[in-house]
Every structure is written in structure tokens, then in C-alpha cells.
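Quick note, the sequences are listed as chains A and B, same order. With our numbering as the guide, the letters of the first sequence map in order to residues 1 to 413. With our numbering as the guide, the letters of the second sequence map in order to residues 1 to 413.
Please note that the accuracy of each hint is not assured.
Heads up, the list lumps identical chains together, so a pair's fine if it works in one copy or across two of them.
Stated by the list, open to error - Restricting the straight-line Cα-Cα distance to at most 25 Å, the calculated cross-link-like pairs of lysine to aspartate or glutamate (DMTMM-like) are: (1) LYS29 / GLU251; (2) LYS299 / ASP274; (3) LYS166 / ASP412; (4) LYS109 / GLU25; (5) LYS109 / ASP225; (6) LYS166 / GLU235; (7) LYS115 / GLU25; (8) LYS54 / GLU392; (9) LYS38 / ASP58; (10) LYS22 / ASP289; (11) LYS211 / GLU235; (12) LYS389 / GLU193; (13) LYS29 / ASP252; (14) LYS254 / GLU25; (15) LYS3 / GLU45; (16) LYS163 / ASP412; (17) LYS36 / GLU25; (18) LYS315 / GLU112; (19) LYS24 / GLU148; (20) LYS166 / GLU392; (21) LYS318 / GLU67; (22) LYS22 / ASP285; (23) LYS3 / ASP285; (24) LYS86 / GLU216; (25) LYS211 / GLU21; (26) LYS22 / GLU251; (27) LYS394 / GLU112; (28) LYS254 / GLU21; (29) LYS166 / GLU267.
Simulated from the structure, these hints should not be mistaken for lab results.
Number of protein chains: 2
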Amino acid sequence: MAKIAVLGHGVVGSGVVELCEKNKESIQKRAGQPIKVKHILDLREFPELNYADKFTKDFNVILNDDEVSVVVEVMGGINPAYDFVKASLQKGKNVVTSNKELVAAKGAKLLEIAKQNNVNFLFEASVGGGIPIIRPLHQCLAANQIDEIAGILNGTTNFILTKMVKEQMSFDTALQIAQELGYAERNPAADVEGHDACRKICILASLAYGKHVYPENVHTEGITDITLEDVAYAESWGGAIKLIGRAKMIEDGKLVAMVSPAFIHRESQLASIDDVFNGILVRGDATGDVVFYGKGAGKLPTASAVVADVIDATKATKTSESLSWIDSNENFVIDYTLSSVAFYIRCTAENMEEAKSAISEQFGGVEFLSRMDAPQNVLAFVTKVMVEKDVEQKLQNLKNTLQVISKIRVLDY
Amino acid sequence: MAKIAVLGHGVVGSGVVELCEKNKESIQKRAGQPIKVKHILDLREFPELNYADKFTKDFNVILNDDEVSVVVEVMGGINPAYDFVKASLQKGKNVVTSNKELVAAKGAKLLEIAKQNNVNFLFEASVGGGIPIIRPLHQCLAANQIDEIAGILNGTTNFILTKMVKEQMSFDTALQIAQELGYAERNPAADVEGHDACRKICILASLAYGKHVYPENVHTEGITDITLEDVAYAESWGGAIKLIGRAKMIEDGKLVAMVSPAFIHRESQLASIDDVFNGILVRGDATGDVVFYGKGAGKLPTASAVVADVIDATKATKTSESLSWIDSNENFVIDYTLSSVAFYIRCTAENMEEAKSAISEQFGGVEFLSRMDAPQNVLAFVTKVMVEKDVEQKLQNLKNTLQVISKIRVLDY
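Start from the sequences, fold in the hints, and give me the full structure.
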């Protein structure tokens, strides 16, 4: 029998305890032995639970219990999660976490400590909730060079954008509904400003490319400025607006990595991923595009990913070779303004015909978009793929002719 | 260094050799050691290849070479593949295969032999080509009860159906194009009659439910009878026709398993999987729906899945506990006529009003469909979900009122 401890009895933690009980037979079959929750760390008390006797407020009870071979960290945040995880690994315990903030900030360090102690640090649940993505990326796609990863990595923003696209709701109204349904926090900044998606693309890129990609090096834009006008233009262009986290290897081992809203064509496998669902596209040199789709959050989906890692941890006899990356002081993410991409640009102009011909001249040909009920003085167009910096310069050159209202990347997945 | 042998230098076999060379650095990194192809078994000769010296026509050269720790079987068919795989496992060698016919017919036996010899029999490439599905199913979704699996498992038929839906091509014309493009064999029966999809759903169901599901127990219908009229009605209903392989656990450990064309709603994640792509939906009790999408066949995608298994085989120290199922003489797939499903039915009738009211009376309410340019004497409708046998009986009761032309299941994924 394998005994585990769960740090944090919140949404995910209680889901882990529930799932270990509910599916104990199939879990035992897959693991080759029963798995039992021995301790639960939480500062709160839950006297009404039939497993109230498992709770402790003292982490040392867990750390010093040699029977505990796997510690599940589902507290969230960096402190004290980092210290608890580090201490557990150093004591020779495997650690499983769903904490994307921790993995994105400290992954390389914790993987190194795990290796030194011949145990595993596993984090399938940190990206995509219940969608298998970490394990497929390092195991199933191991024979591939990963050219690119792009995903809808945050369910809250995808829910809001879906409401805007399908029901013509404003951002504020959609956010309010997301909050009422419990999809968005009262302080929604981490979601709507893109930080959550940024942490997840950092984890995926670190794993795919072997060196830690830090969130502070990844340009991140949220969805707070997206308007229904932009949504309507995206539709007239032939697609929808999604918040996309992406990472792409370019020459010299450099990486383009970014989180931003983007126009995605209707035919794309990412375009039909709606509501709170997540979808992640991995472009391998051998497999071509592979897409993983499912619920990116929620109690049982996330708990299911945690428990799958627990099963793996109980079976492993040494540190995984493939689930690893190294730390690096060097920032190998390039300045995003040097990367190439197409842009949708919406602007106002006094003289429409003059503006159109000036735009065409500056950009060397663009696709002008139209939509019903657009104000007379509004113009929208999509550029060719070009270096971002050059787009900025060209818009600067046009500053006497037009005023830019919004600017959204156009991606081709 | 791990040394491997490849049985069969066809499309997949040559892809395995190519990939082992092309991505050798990343493969070595993931595997923790270099992986080298030592022997290739083929009756043909390839003197022009720069690795011509690796070829042998004698399987015993491979079997008796103790340096070879992994045998890759990519010959296809049951004979002599079964004998070669069995002998390899008995000699203590790991075996990796892409051969769905072999796994569907002999999986339980070969998994048992692998276990007796403490080696692994791996077959990620047998379903979904380069899409990771076998490993996610038994590892990542290990904490779930799998309620249901449904997939577009055959790229050839999906290509043909896509041509029919998007370009109004007839089945025969679309098949001819598929053959010209190399997507369909000269004898396309295994694809268009559903046998290939049947083998794949058998493999997935065996793994998900732990007992071998044999193809001969799974009712299988192909797409040869699908017409453009049916395609048009599917569109007017709000979806498309796809060839779906599915397996669902019901009470008493019994299984509903079937391959058939089906109406799939436009909003479904399976509806937007077009051309030669495959998509597999797994419905877990904890994760909800998870969908895996990508190229279901082709040289490098399939080779990439094979090589990922090779990497796993070289790292394993014992037989996988979770990648297994048992043999069973008992057929636990229920008679398909006893399962419940909705049907689309297209028929002719002499007196339309009389027929409509007779249909409504028999079926207790149906959804009548209409389409442009339908002949005056044609009626199409969708029933409620009911036992298949009862649908047959009701149509029998109506035999003096209408003549059934086609009958296609309507699925809700």
C-alpha cells in the first residue's frame, strides 16, 4: 500500500481525496497496489467530514512520516508551497502538484532537487486541468522536435470571449457572469490579464525545449481591451478572437513566446474550443499537428490529473529522464517586437479614401474588412505577416492619417 | 546504447529508421542513452540505401542477437507477425508494434507472454497514428472510470466523407480520389467497410475495460451505402455524417460496442475533424470529455508513435501494470439490437400525409427533416433514442405505408 499526504483541502485537494475513495478499485489496478490518503494539511478544520481524523496543521507530521511516499501539493502560490515541496523532495518523497505558479517560477530548481534525491516532481495538473498534456509532451511526442505549441490555456477568458462572440455580450457583462458561475475570481486579474495562461505556456515551453522559460520574459497581453467591434470584425474576417499562449523555436535556439488575444480562423481546431474548455496544439516535426482538448479546470478533472501522477509516482523507481529541463540565467526568449506576425488593425480616419490608399502604400497591400453598422469613420484591415516593430513604425508613419483604436495579432493555426 | 531491430521496411518501418537518425539527439536525451537500429528484416533488398548492410532476411539473426533489446514489428497482418512477436517476447525482448490487426486479434495473449517474461508489448502506433492515445488512456486517465470512448478512427473514410460533405462528391468519386492520393488501398474494403476502425475501437475498449474485446463481436457497418441525399439531410438536421467507432460500459460489466456511420451535431468536437485526420473522445467520470486530435496515419506520424514506445521500452525495468487486459472466453459485448440510440430514417411513401401521421403515431413523435430539391415522395425523420430492435419493429409495422431507403444512427457527443 502506498500512503500519500495532501497539502491543502481546497477545491482540488478535496477532489483528490474524493477520487482516491470513489475510484479506489481502478486506481489500485492501475497502480498495482492500494493508494491511501494518510494526512491532509490545512489550517482550517473540517469536523463534519468522515475523514476529519486525517487533518493536521503541522507540516512536520507529514515530513517526518516515513510511510508517506508521495506528497500532493495543491495549496497554490509560492509560499509556503515552495518550502514544503523542497523539503519533501529532500526527504526522499515524490511530489505531485497542480500549482502552475510554483512550476512556472521554480520548476527547474525543483526538478533538480528531485533528481538529486532520486524521486519525482510531477505536475500534469498544472496545465490543462484534466487534459493529458505534460505526459504526452515528454513521453508520446519524445521522438519529435517540437516546432511550436499554441493553446487556449485559460478557461475563464475563453468563457468570456465565447460569451462575447456567441451572445454579443460586453466584456464587463461576460466577466460578471463568469464570476457568478464561479469561473472567475473576485479579483480576476490573473485570468483576464493573461498571467495564468503565461505560466502555463512557460511550463509547456520549458518542457518542450529543455530550458526554463520564466514568465517575466514572456510578453503577455490580456483580453480586457477586446470590444464587440473587434469580435464583429473577426467574424467578418472568418474567425473568432481567442486568448492564445504560444511558443515557437526559431534559429539559434531562440524562442518566440507570447500570450495575447488573436484572430483564429474558423477552420482551425482551436476556433471551435469554446466556453471553459481548453485546447492545446502541439506541432511536431514528425506528427504534424496534434490537439488535446478538454476541461482545463474544475475539481474532479484537475484531481484526476493529480491522481494519475500519484499512480505514476508510486510506480517509479527513479527520477524521470524525460520530464526535466535545466535552469538558465540566459533569457532565450527573443524581444517580441522582433517576431513576425500578421495584425488586425482598427482605426478611425477623417478622409477614408486617403487613409485607405496611405495604408495600402505603407503596408504593401492589406485586406480591408467590413462589418454591418460600422461607423462611417472607422476602418479595419489585416496586414501581411511582418516584423512587429515594422508594423509599429508603419503605423507611426500614418499617425497624421489615422488613429489606431485596436490592434490584435492574426495567427495561422 | 540500446539496439533495436525493425521487422518490415515498408512505409512505417522506413519512417522509424529515418526518425531514429533525424532526431537522434532529442531521442537520446529523452531515453537517457543513444538508440540505434541494428537489424532490419525484409525479404526485399534495398542496395541503394546507405544502411543496406543492416538488412537481413532471416528473423533468427534478430532473435538470437542478445544485443537487441527491442523488436519493432511493422510488417502488418497476423502471419508471420504473431510468431515473430511471440518468439521475441519469449526471448526476453521488448516488442513495439503499429499492427492493429495483430493487437486486436492477439493482444491479450501477447500481453500475457510479455508479463511472463518481464518485458513490455507496446502499441501506441496501432490506434490514431501519431496521436497519443494509448498512453494517455492507461496513464493519464488512470484515475477515471472510462464511461465511453468514441472516435473517428479511420482517415480514409473520413477523407471520403469530408469530400462528400464539403464538395458534394459521390462516394465512388471520393474513393477514387482517395486512391489516387494514396489514402486508400486498391482494395479499400478494410477501410470503407469499417474493419480498420473496428480493430481500433477493440484495442481502446480492451484497454479501458480490462478484458479483450474481439472484432468479431463488434457490429460493424461501413460507409459504402452513404449517399449525397443522406449528407444533405444531415446538414439540414445540423451536422455531418462521420464513421464512428464507439464503446460504452453499461450495467453488469456489459459493453455496447459498434462501428457505424452516424449523424454528429455541428457543435460536437468530432464534427470538425475533417479530411484524413482522426479524433478520439474519451469520456471519464472525473475528467469529463477529453478529445485527442491529429493525423491518424502516415509514415512519420506513425513512426513517431513507434519511436516513443521504443524510448519507453528501453527505460522500463519491468512489465507495465496499467497497459494490460485479460483474455476472456465470455463475450461481454451486448447484442447491438438491444442498445438504445436515435435513428435518422429516409424513406419513400405514396401518401405523404398519411405516412407522416403513421410515423408520428408509431414512434411517438419524431423530427421531420427537409432539404432543398427533395423528391416529392421522399420523407426523412429522426427518432427519439430507443432500443434498436424496437425501431426495426416499428418500421416493420409501417411496411405498407413506407419503404426505407436508408437508416443512420444519430449520436450525441
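Verification of the supplied hints:
In this assembly of identical chains, the alpha carbons of LYS29 and GLU251 lie at most 25 Å apart only when taken from different copies (20 Å versus 46 Å within one copy). For the homomeric pair LYS299 and ASP274, the shortest alpha-carbon distance inside one copy (19 Å) is at most 25 Å, but the shortest distance between copies (32 Å) is not. With identical chains, the CA atoms of LYS166 and ASP412 are at most 25 Å apart both within one copy (22 Å) and between copies (21 Å). Taking the shortest alpha-carbon separations for LYS109 and GLU25, only the inter-copy value of 24 Å comes in at or below 25 Å, while the best intra-copy value is 35 Å.
Taking CA atoms no more than 25 Å apart as the test, LYS109 paired with ASP225 passes in neither setting, with 36 Å inside one copy and 60 Å between copies. Within a single copy, LYS166 and GLU235 get their C-alpha atoms as close as 10 Å, and across copies as close as 21 Å, so both meet the 25 Å cut-off. In this homomeric assembly, LYS115 and GLU25 come within 25 Å of each other (Cα to Cα) only across copies, at 21 Å, whereas the closest approach inside a single copy is 31 Å. Taking the closest pair of Cα atoms, LYS54 and GLU392 never come within 25 Å of each other, the shortest separation being 59 Å inside a single copy and 57 Å across copies.
In this homomeric assembly, LYS38 and ASP58 come within 25 Å of each other (Cα to Cα) only inside a single copy, at 14 Å, whereas the closest approach across copies is 56 Å. Taking identical chains as interchangeable, the C-alpha atoms of LYS22 and ASP289 lie at most 25 Å apart only when they sit on different chains, with a minimum of 19 Å there against 35 Å within one chain. With identical chains, the CA atoms of LYS211 and GLU235 are never at most 25 Å apart, being 38 Å at best within one copy and 48 Å at best between copies. In this assembly of identical chains, LYS389 and GLU193 lie within 25 Å of each other by CA distance solely inside one copy; the values are 23 Å within and 55 Å between copies.
Taking the closest pair of Cα atoms, LYS29 and ASP252 come within 25 Å of each other only across two copies (19 Å); inside a single copy the shortest separation is 46 Å, beyond that limit. Taking CA atoms no more than 25 Å apart as the test, LYS254 paired with GLU25 passes between copies only; the shortest distance there is 18 Å, against 47 Å inside one copy. Proximity of LYS3 to GLU45 under the C-alpha cut-off of 25 Å is restricted to the intra-copy arrangement: shortest distance 22 Å within a copy versus 56 Å between copies. Proximity of LYS163 and ASP412 under a CA criterion of 25 Å is satisfied in both settings, with 23 Å inside one chain copy and 23 Å between copies.
In the homo-oligomer, the alpha carbons of LYS36 and GLU25 lie at most 25 Å apart inside one protomer (12 Å), although the nearest pairing across protomers, at 40 Å, exceeds that limit. Taking the closest pair of Cα atoms, LYS315 and GLU112 come within 25 Å of each other both inside a single copy (20 Å) and across two copies (20 Å). Taking CA atoms no more than 25 Å apart as the test, LYS24 paired with GLU148 passes between copies only; the shortest distance there is 19 Å, against 38 Å inside one copy. Taking the shortest alpha-carbon separations for LYS166 and GLU392, neither the intra-copy value of 31 Å nor the inter-copy value of 40 Å comes in at or below 25 Å.
Taking the shortest alpha-carbon separations for LYS318 and GLU67, both the intra-copy value of 18 Å and the inter-copy value of 24 Å come in at or below 25 Å. Proximity of LYS22 and ASP285 under a CA criterion of 25 Å is satisfied inter-copy only: 10 Å between copies versus 40 Å inside one chain copy. Only between protomers do LYS3 and ASP285 lie at most 25 Å apart by alpha-carbon distance; the minimum there is 24 Å, versus 41 Å within a single protomer. For a Cα distance limit of 25 Å, the shortest separation of LYS86 from GLU216 inside one copy, 23 Å, qualifies, whereas the shortest one across copies, 53 Å, does not.
When the C-alpha separation of LYS211 and GLU21 is checked against a cutoff of 25 Å, the pair qualifies only between copies, where the shortest distance is 23 Å, while the shortest distance within a copy is 38 Å. Proximity of LYS22 to GLU251 under the C-alpha cut-off of 25 Å is restricted to the inter-copy arrangement: shortest distance 17 Å between copies versus 49 Å within a copy. For the identical chains of this complex, LYS394 and GLU112 are neighbours neither inside a copy (46 Å) nor across copies (67 Å), given an alpha-carbon limit of 25 Å. Taking the closest pair of Cα atoms, LYS254 and GLU21 come within 25 Å of each other only across two copies (24 Å); inside a single copy the shortest separation is 46 Å, beyond that limit.
Taking the shortest alpha-carbon separations for LYS166 and GLU267, both the intra-copy value of 17 Å and the inter-copy value of 13 Å come in at or below 25 Å.
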